[in-house]
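If you're matching them up, the sequences are chains F and V in order. Under my numbering, the residues of the first sequence are numbered 1 to 717, in order. Under my numbering, the residues of the second sequence are numbered 1 to 603, in order.
In case anyone wonders, no lab produced these hints; they're calculated from the structure. Ideal placement from N, C-alpha and C gives every residue a C-beta, glycine not left out. Be aware that a few hints might be false.
Claimed, not checked - Computed footprint of chain V on chain F, listed as stretches where at least three residues anywhere in the stretch have a Cβ under 8 Å from a Cβ of chain V: (1) 82-93; (2) 620-628.
To be verified - Lysine-lysine pairs mimicking BS3-like chemistry, simulated, CA-CA at most 27 Å apart: (3) V/LYS450 - F/LYS320; (4) F/LYS605 - V/LYS323; (5) F/LYS132 - F/LYS31; (6) F/LYS320 - V/LYS47; (7) F/LYS146 - F/LYS414; (8) F/LYS187 - F/LYS132; (9) F/LYS704 - V/LYS60; (10) F/LYS704 - V/LYS322; (11) F/LYS411 - F/LYS251; (12) F/LYS605 - V/LYS139; (13) F/LYS411 - F/LYS146; (14) F/LYS704 - V/LYS325; (15) F/LYS704 - V/LYS516; (16) V/LYS325 - F/LYS320; (17) V/LYS323 - F/LYS587; (18) V/LYS252 - V/LYS325; (19) V/LYS139 - V/LYS508; (20) V/LYS427 - F/LYS587; (21) F/LYS262 - F/LYS274; (22) F/LYS339 - V/LYS325; (23) V/LYS494 - F/LYS605; (24) F/LYS411 - F/LYS96.
What the hints assert, rightly or not - Examples of chain F residues lying across from chain V (beta carbon under 7 Å, computed): (25) LYS132; (26) ARG133; (27) GLY137; (28) ILE599; (29) GLU648; (30) LEU702; (31) ASP707.
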Amino acid sequence: EVHVKEPIEKEVNPRLLPGELLLCEANTVYKYIQEDGSNRGTYGKLVCTNFKIAFLDDDSASDDNEPQFKNKIVGENDITLQCVDQIYGVYDEKKKLLTGQLRKYPEKLIIYCKDLRVFHFCLRYTKEEEVKRIVSGIVHHSQTPKLLKRLFLFSYASAAPNNTDGRNQTVMFDTLEDWRDELERTKGNVKYKAVTTNEGYRVSEKLPLYFVVPICVSEESILKHEGRGIPIWCWSCHNGAALLKMSAFPKEQDDSTSQMQKAFLDGIYKTVSKPPYELLKTDDLSSSLPSLQDIQTAYTRFKQLFLIDNSTDFWATDVKWFSLLESTNWLEIIRRVLKKAIEVAECLERQNTNVLLIEESATDLCCVISSLVQVMMDSYSRTKSGFQSLIQKEWVIGGHGFLDRCNHLHKSDKEEAPVFLLLLNCVWQLVQQYPPAFEFTETYLTVLSDSLYVPIFSTFFFNSQHQKDTNTSGESLKTQSGPFRFLTVWDWSVQFDPKAQAFLNNPLYAEKPKPDKSQRKTARFKHQRQLSLPLTQTKSSTKRGFFREETDHLIKNILGKRIGKFINSSDEPPNSFREFYDSWHSKPVDYHGLLLPRIDGPEIKVWAQRYLRWIPEAQLHGGGTIATAAKILDLMEEVQSLQVKMDEEHSQAISGDVHSVPMLRNSARLSSLFPFALLQRQSIKPALPTSTWKDLEDEDDLVKRDDEFVDLSVDVS
Amino acid sequence: MASSSTPKYNSNSLESSSSKRTLKDGTNWEQNEEIPRLPGETRVTDKDVIYMCPFNGPVKGRVYITNYRLYLRSVENDPVVVLNVPLGVISRIEKMGGASSRGENSYGLDITCKDMRNLRFALKQEGHSRRDIFEVLTKYAFPQSHNLLFFAFANEEKFSENGWMVYNPMSEYRRQGLPNERWRVTFINEHYGLCDTYPSLLVVPYNATDDDLKRVAAFRSRNRIPVLSWIHPETQAVIMRCSQPLVGMSGKRNKDDERYLDIIREANGQISKLTIYDARPNVNAVANKATGGGYEGEDAYPNAELFFLDIHNIHVMRESLKKLKDIVYPNVEESHWLSSLESTHWLEHIKLVLTGAIQVADKVSSGRSSVLVHCSDGWDRTAQLTSLAMLMLDSYYRTIEGFEVLVQKEWISFGHKFASRIGHGDKNHADADRSPIFLQFIDCVWQMSKQFPTAFEFNEQFLITILDHLYSCRFGTFLYNSESLREKEKVTDKTLSLWSLTNSEKSKYTNPFYTKELNRALYPVASMRHLELWVNYYIRWNPRIRQQQPNPVEQRYMELLALRDDYIRRLEELQITNNSKISNSSASSASPSQMMSQVQTHF
């Protein structure tokens, strides 16, 4: 039976952002509620703008059910054009991928989104003309190649000049000052210098305006091969060992050219291997990690497991879930990347060796590994502003090609690879393994991943700083009220009101005890480098610093024996990794110190919040980690109100300023999909598997046996 | 008892080797002796051995054997390596190598344990050094095979609580509102004359006479007639349990049984059909006809609807656990963890048991229909299904005492054959009667508590403790196959209950996040997307797979709780001070902002 409500003819208009234009629309579109396989749903208008596809519910009176966690830019029935993954049309119950020109128009439209939402629109009750317009409009605007200047952020930026300074303590790394501060923070300034060689993009359009190189590297050598073959500094460890990256020379046919390049590299290595730099270990990521193609293939298979049409699909894939997961290879890639990051950390931390990551462009896997290593080793990168600064440094300014990797312009599928998502997936593993170590929550990571597809921020919509600069300075882009400026994603107030932003902050975060006020520097430079390992034991706490313990032990047991091998650091025995890993894991965790992910099979998990959040069958009513998180938030609120009361008692006066924590009403009944649950099930009917038991082929003889063989027929009189 | 190979990794073990924890646990650590001893525990022998630790390599140590445990203490390692294993967990002892074996540490003993680990000891080859230790171990690990008593009968521990008082069938039925005008308590089985594997006290339909019951018993396997397990406080629909009907190849019918099921259906005034859940796969139920069993056919029971729940038999479950052990002990399968896990089918079985229980619970709750659950004998799969469904429907069973009652009632009193399934004190390690049915049930409970972290009063440690003492034989709780046998052996007089231990130290087993919610049905999602391997139990011996202890989320919550209580106390003090000395309000001790620095909030 079909519970189709009568369509109500009512004029509903889409809420448009500045610079947003309505392109086409269709009425009496029926949107299914993907809940229980029934055909329940609502009528409404489907529109397509230059920013999004939106479904406007005719019956939009239900405003009393305002979700607590709402995105101000992208509503629950909005799909930004960049968020569309695939569009299918249904013709006579058959699904067909829609890409370019259409001959026939489908009766049903299925839109799969990059944030894993799935929308089913029935067009059977829509006028034919409107169907034609909306379907071809949606396919054209979301699936066909586009010019960069056609991205919504340009019309948005010119229509809504942004005068806010959305830095939020995030270091943008677009000035020389930022790099110098970073050098100072990490005490890397003894051996490394920030250079201005690339001003005017003299060296390369791929490199940022400012970057950091070893002091001994000359300007000429930087200029010589457009920055190739030059170790570029990422970060310095407390012991002075640095993490560097380098873009390699492309494979040359010409013998003399490659000879020249080899000589150049030898020269560079010699320069940076002399004191004070000492040992340098190189790691060619293109050979030691999966290729971008592997990553893309794995993710394409992986995400497919979560783009589920209906309940039947869900249960059909449930039976073979683990082998399906494994066959995608995505979790294995995460494991390998984490393992690589541990290896690098071991070199820096224990072997005191500089590590040079090599990759053709040094803007993909280099970014993943260098970011992960910093998240693991530098507790500043585990704060919100620290993490955002890290993303700026390694990815946005570092020159990761977001535009190409996300295929935002639909130019070439070949360039597409979810490299940044891979990083977020790896960081999530750490976040869930060590919740008190991060200032941000998994929800933060989830909305950050969603922001990849929201084209009002410049952050993820350029391939390089150069591309952004040249596209901002054009004549046509002047606005009336001053300089043209894009929004940055780090200004979270654009997407979320303060109440919703609270969900991005981790209540479990154990903030590092503040250092003495006298030691603090300027206000701007708030985050003094927080050493991953205390060099001097400041406190005799139970959470022992890793290094202190480790050094004694290591010097005695390991370094002493192996020191000879360090000269040839490349053939380090393989078990030194295992030893490092095991020894760290046998100690209590210092949440402000070095953090190593656990990488054994059972420890690598699926990021359930991101991937399962829209699937009603996966919903736990009143359960999930949110159940405990909500209790902690409730208790914190109580403690805070008690504190206010105490203050009042102390001052004997009533203070009006009460910090409020988001009230999680009836927290015990929150859905585990919270804060993302669109569809709060009203009924608490349990989800029942519909799939059948698969055969236990190999145990046939056991299956047929009875529990205990007793011939009961004998007993019966 | 459950100990780990090295003290530094023992975060997952129940009772650590440290004297402090051990003392708390009621163990008496004598100052001048090296090994912990329970009151009533006596030392038998000791010997120098090499413990072949699968994680840290050979460890030189001395092993002490008592009538309760095997205890090993390393002599050279720092920190000291300790093994503390109750003999009850030992499933099999094998000699490895012969007197002429070559190679280092190739001569000794290989011990297979019931709790997912093996122990290997190497001994000196000369002079039959292992003969006496082998004999002593065999004797005390398998007392049943040597005409000896279980340690539980020698245990002289004292606890502040008496666990035998936890379950009183009469008061549990009264809690459920029974007897009432439709259901009565019968003493027909007082001396186990009707059914020797059932408890003495049963709840049956008011309209069925004791004679009816006797006639029904003749048609049910091992006389396990349909009796009430639980009644829904609102719908009055009930969960009944029983064994299979003796239909046989010829398709026998029994008018009394048919009428009895109809009486059950009518007892809550329902017009719809009675729902029968046969836990077995359809084919197995059919196959049972050949040996005289079977299921309720449509012709004979027109007012009943029968569903098969496809849960496999005890042999399949045993094999599945064996495969699981293979991939987690001693090393965790590296390269293909997920497909290896899948190939054990362990979580798939968990999924099916949970799915079955959800169906039972949902039928009773939203379907408002009484259900009858059985498998073949009604003491394995049936116990799993009824107890899990009750756990979903009745929040009382999610408390510590409620859960103890549930285990005591649905498992112990209704004759789950613990002795046969676990093989307590029995040397016959290959006995086909052994099967991890109860472990599977506890795993299901753990899955539920994982999915609903605020719904259970007890924590993970409580479940692990239950499993540890399922094998330890330190308590009488899980000994023997039935209530009648336990009565014969005077278990409640001569042994202690496990619940004495847990209830004497409840705080250790309490989940701080527990939020009491009455009358709330709790349905887990029986999807592989949510089911997880219980790493803290199955892989707890592996130091590499280590969950942080204490759990940081829990720790944070406890800190906040303490802070709140502190604030409340200070606030009260302040109010008193302020009221008495209005003029001098600055006299209070510490400033609140100082306190607040510990709670760094972001709001």
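To see whether the hints hold, each was checked on the structure:
Look at the segment 82-93 of chain F against chain V: 0 of its residues bring a Cβ nearer than 8 Å to a Cβ of that chain, fewer than three, so the hint is violated. Closer than 8 Å: that is the beta-carbon criterion, and the segment 620-628 of chain F has 8 residues meeting it against chain V, so the requirement of 3 holds. Between V/LYS450 and F/LYS320 the CA atoms are separated by roughly 22 Å; this keeps the pair inside 27 Å, and the hint holds. Annotation: proposed proximity of F/LYS605 to V/LYS323 holds, straight-line Cα distance about 22 Å (limit 27 Å).
For the hint pairing F/LYS132 with F/LYS31, the CA-to-CA distance comes to about 17 Å; that is within 27 Å, so the pair holds. Proposed proximity of F/LYS320 and V/LYS47 is contradicted: the alpha carbons are some 50 Å apart, above 27 Å. The straight-line distance between the Cα atoms of F/LYS146 and F/LYS414 is roughly 16 Å, inside the 27 Å bound, and the hint therefore holds. Taking the CA atoms of F/LYS187 and F/LYS132, the gap is near 62 Å; set against the 27 Å cutoff, the hint is violated.
This hinted pair does not check out: F/LYS704 and V/LYS60 have alpha carbons roughly 48 Å apart, beyond 27 Å. Annotation: proposed proximity of F/LYS704 to V/LYS322 holds, straight-line Cα distance about 19 Å (limit 27 Å). At most 27 Å may separate the alpha-carbon atoms for a hinted pair to count; F/LYS411 and F/LYS251 meet this at roughly 25 Å. At roughly 45 Å between alpha-carbon atoms, F/LYS605 and V/LYS139 are farther apart than 27 Å, so this suggested pair is violated.
Taken as a hint, the F/LYS411 and F/LYS146 pair is honoured in the structure, with Cα atoms around 7 Å apart against an allowance of 27 Å. With a C-alpha separation of about 23 Å, the suggested pairing of F/LYS704 with V/LYS325 holds against the 27 Å cut-off. For a cut-off of 27 Å, the pair hint linking F/LYS704 to V/LYS516 is broken: about 44 Å separates their Cα positions. Between V/LYS325 and F/LYS320 the CA atoms are separated by roughly 21 Å; this keeps the pair inside 27 Å, and the hint holds.
Restraint check for V/LYS323 and F/LYS587: the C-alpha separation of about 31 Å exceeds 27 Å, so the hint is violated. With a C-alpha separation of about 43 Å, the suggested pairing of V/LYS252 with V/LYS325 is violated against the 27 Å cut-off. Restraint check: the Cα-Cα separation between V/LYS139 and V/LYS508 comes to about 34 Å, which exceeds 27 Å; the hinted pair is violated. In summary, the hint linking V/LYS427 to F/LYS587 is not supported, as the alpha carbons are separated by about 40 Å, beyond the 27 Å threshold.
Pair hint F/LYS262 plus F/LYS274 holds up; C-alpha atoms about 18 Å apart against a cutoff of 27 Å. For the suggested pair F/LYS339 and V/LYS325, the alpha carbons sit about 26 Å apart, so the restraint of at most 27 Å is met. Of the pairs offered as hints, the one joining V/LYS494 and F/LYS605 is violated, with about 48 Å between alpha carbons and a cut-off of 27 Å exceeded. Under the criterion of a C-alpha separation no larger than 27 Å, the hint pairing F/LYS411 with F/LYS96 is consistent with the structure, at around 22 Å.
Hint on F/LYS132 is violated. Least Cβ distance to chain V is approximately 39 Å, over the 7 Å limit. Against a cut-off of 7 Å between C-beta atoms, the interface hint on F/ARG133 is violated, since the closest Cβ of chain V lies about 39 Å away. About 36 Å separates the beta-carbon of F/GLY137 from the nearest beta-carbon of chain V, more than 7 Å, and the hint is not met. Look at F/ILE599: its Cβ only gets to about 10 Å from chain V, farther than 7 Å, so that hint breaks.
With a cut of 7 Å, the hint placing F/GLU648 at the interface with chain V is violated, because the nearest CB-to-CB distance is about 10 Å. Hint on F/LEU702 holds. Least Cβ distance to chain V is approximately 4 Å, under the 7 Å limit. Of the supplied interface hints, the one on F/ASP707 holds, with its beta-carbon coming within about 5 Å of a beta-carbon of chain V, less than 7 Å.
In this structure, the earlier hints numbered 1, 6, 8, 9, 12, 15, 17, 18, 19, 20, 23, 25, 26, 27, 28, 29 are contradicted, and the remaining ones agree with it.
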